[in-house]
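Protein chains in written order, with the numbering used here: chain V, 1 to 70; chain X, 71 to 461.
The set of hints was computed from the structure by calculation and includes no laboratory data. Keep in mind that the hints are not guaranteed to be accurate.
Chain X side only, calculated, beta carbon under 7 Å to chain V, not exhaustive [claimed, not checked]:
(1) Asp113
(2) Val309
(3) Leu427
Pair by pair, the computed Cβ-Cβ distance ranges are [to be verified]:
(4) Val286(X) - Ser26(V): 19 to 25 Å
(5) Leu22(V) - Leu141(X): 41 to 47 Å
(6) Thr351(X) - Leu22(V): 44 to 50 Å
(7) Val213(X) - Ala42(V): 46 to 52 Å
(8) Thr351(X) - Ser26(V): 40 to 46 Å
As the structure is a prediction and not an experimental result, all values here were calculated from the model. All residues carry an ideal CB built from backbone N, CA and C; glycine is no exception.
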Amino acid sequence: MTRHPADLLSLVAGLAVLGLGLLLLSGGVGDLPMEWVGPAVAIGLGALILFAARPTREASDQEPDAGNEG
Amino acid sequence: MIEPVTSQDTQRTDGTGRRLRRRTSDRVIGGVAGGLGDYFNVDPLLIRIGFVGLMLFGGAGLVLYLVGWLLMPAEGQDMSPVEALFGRIGLTPRRIGWIAVGLVAVLFISIFPMGGPFDGSGYLFIGPLGIDPVAFWAVAGIVVGYLLIRRRETSPATAGVAAAAGVAAAAGVAATPAAVAPPRTPPVRRPRSPLAWYGYASVLIAVGVLALVSQVAEVEVQPGQFFGAALTMLGIGLVVGAWWGRARILILVAILLVPIAILSGFITAPLEGGIGDHRYTPVTAAEVRDEYRSLGGRVILDLTDLHTSPRDIHIAASVAVGQLVVILPEGASVELRTRVGAGDSYVLGSQDVGTSLDSRYVRRHFKQRTYVLDLEIGIGEVFVTNSRVNW
Numbered sequence: 001m002t003r004h005p006a007d008l009l010s011l012v013a014g015l016a017v018l019g020l021g022l023l024l025l026s027g028g029v030g031d032l033p034m035e036w037v038g039p040a041v042a043i044g045l046g047a048l049i050l051f052a053a054r055p056t057r058e059a060s061d062q063e064p065d066a067g068n069e070g
Numbered sequence: 071m072i073e074p075v076t077s078q079d080t081q082r083t084d085g086t087g088r089r090l091r092r093r094t095s096d097r098v099i100g101g102v103a104g105g106l107g108d109y110f111n112v113d114p115l116l117i118r119i120g121f122v123g124l125m126l127f128g129g130a131g132l133v134l135y136l137v138g139w140l141l142m143p144a145e146g147q148d149m150s151p152v153e154a155l156f157g158r159i160g161l162t163p164r165r166i167g168w169i170a171v172g173l174v175a176v177l178f179i180s181i182f183p184m185g186g187p188f189d190g191s192g193y194l195f196i197g198p199l200g201i202d203p204v205a206f207w208a209v210a211g212i213v214v215g216y217l218l219i220r221r222r223e224t225s226p227a228t229a230g231v232a233a234a235a236g237v238a239a240a241a242g243v244a245a246t247p248a249a250v251a252p253p254r255t256p257p258v259r260r261p262r263s264p265l266a267w268y269g270y271a272s273v274l275i276a277v278g279v280l281a282l283v284s285q286v287a288e289v290e291v292q293p294g295q296f297f298g299a300a301l302t303m304l305g306i307g308l309v310v311g312a313w314w315g316r317a318r319i320l321i322l323v324a325i326l327l328v329p330i331a332i333l334s335g336f337i338t339a340p341l342e343g344g345i346g347d348h349r350y351t352p353v354t355a356a357e358v359r360d361e362y363r364s365l366g367g368r369v370i371l372d373l374t375d376l377h378t379s380p381r382d383i384h385i386a387a388s389v390a391v392g393q394l395v396v397i398l399p400e401g402a403s404v405e406l407r408t409r410v411g412a413g414d415s416y417v418l419g420s421q422d423v424g425t426s427l428d429s430r431y432v433r434r435h436f437k438q439r440t441y442v443l444d445l446e447i448g449i450g451e452v453f454v455t456n457s458r459v460n461w
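Okay, chain V solo, but in the shape it has when bound (with noise of 0.2 Å):
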C-alpha cells in the first residue's frame, strides 16, 4: 500500500464508524437521546455526501473537455 494525500472523505466516515463502534462495544447506545440521533446522523451524512461529491482537481481540469463533448 501506498501513501496517498489524505482522503478526508474516508478519514470523516472512518471516524464516525469508529466512534460509533466503540460506542456500541461499550454498550451505551441504550443511553443515547434517540431523539437527537437521526437529526445528527441525517445531517451528517447530507454534509458528507455533499462533500463527496465536490469536483475534484482533477474533475475541474477536464471541465473544458467535458464541456466539449456537450
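Could you slot chain X onto chain V? The hints should help.
Below, chain X alone, put in the same frame as chain V:
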C-alpha cells in the same frame, strides 16, 4: 488503414454527449454504479450508497440496479442486453416506444374511471393538489416513450454517419478524415488496494475473538457489542485508508451495518430460546415454568386458566426480538417489571413507547396470590392485559 467510425465515436464527436455505459473493470458487481459515476462525474461510491439505501425500501435498489444493468450497454459495446434481445427479435426502438406509449395509454384510460385524481385516499398530495400515483407514472411513461421515439427520429446525422461508416466498412473503403474520431484513451484505473480485504478480515477476527473471550471468561457479550467490534474495525480501516491504500468500499459496508448495529444495541434481553410463535396456557401451578425465553417471534403466556394456588407465581419471560403477551386474570394481584430495549410497552391500560424503557407496576390484594412477573423485550412490544380478545 483508418478505422471506420462507429456510432459510439460519432456520438462523442458530434456533440451529443457521453454515452452511459457499465464499467467492465474496476467494478463491484455489474458496473452499473461505476458507469453512472463516470457519466455524472461523481464518486461511484455515492451511487452505490444510493442503491443500498433504496434497498431498504422494499428492495427498490435491487430492482433499479437490475434495470440499469439491462438498459446500459457495457463498455466497448453499443447495445444494452435489452437492446440486443429486442434486436434479435426484430423490435426496433421506434416500435418499442410506440408499444410503450400504447400500453401506458391503455393503463391510464383503464384506471381513470376508478376515480378522479382529486378524490380518494392513497393519492399523492402535493400541497392542495392530489395526484394519483398510477396516473402520474402512466403520464411519465407516455412522455418517456414519446421522447424515446423523438430522440431516435431526430438524430438523422448520427444515424446517417453511422450508416455511411457501416457502408464504408463493408466496402472496405476508409471513411473521410473529417468524420474520424480521435483515438480513444482507455480510462486510467487505480491499482486495487488490499486494504478493504484487510478490513473484512479484521472484522471477522475481532468478532471471533470477542466470542471466544465471552466463552472462556464467561462474560456475557450483547449482540450490539459484536456489531460494535465490527464497526470499530471498519472505522480503523477507513482511517488508515485516509492516507494509505484505498478502502472507501468500507463506507458502504458500514452504512449497511449501522442500522442493524444500532438496533442490536437495544437487545439486552437474554439470547435464549428458539424462534417462532408460542402460546402457553398453564392450568396448574406445576405447569408454570420459572422462565419463558424466545429469540424471536411471539410468546403468549395466558394465565387466565390457572387454578388457584396458595403461593405466589414468579415468572421471568423474555423475547429478544418480537412480541411478548401476558394475559392475567381480571383483578389479579400483580407485581411486574417490564423492560423494553426499543419499542412499545402496554401494561394494563398504560402505554409507553421509546427506547430503554424500564417500568414497574404493582397492584396487590391482601390474602390473594400475586403474579410476580419480570418481562423483557429487546426490540418489539410487551403487552400485559386482562383480555384474551385479539390474542
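Hint check:
{"no.": "1", "hint": "Asp113", "verdict": "holds (5 Å)"}
{"no.": "2", "hint": "Val309", "verdict": "holds (4 Å)"}
{"no.": "3", "hint": "Leu427", "verdict": "violated (10 Å)"}
{"no.": "4", "hint": "Val286(X) - Ser26(V): 19 to 25 Å", "verdict": "holds (21 Å)"}
{"no.": "5", "hint": "Leu22(V) - Leu141(X): 41 to 47 Å", "verdict": "holds (43 Å)"}
{"no.": "6", "hint": "Thr351(X) - Leu22(V): 44 to 50 Å", "verdict": "holds (46 Å)"}
{"no.": "7", "hint": "Val213(X) - Ala42(V): 46 to 52 Å", "verdict": "violated (32 Å)"}
{"no.": "8", "hint": "Thr351(X) - Ser26(V): 40 to 46 Å", "verdict": "holds (41 Å)"}
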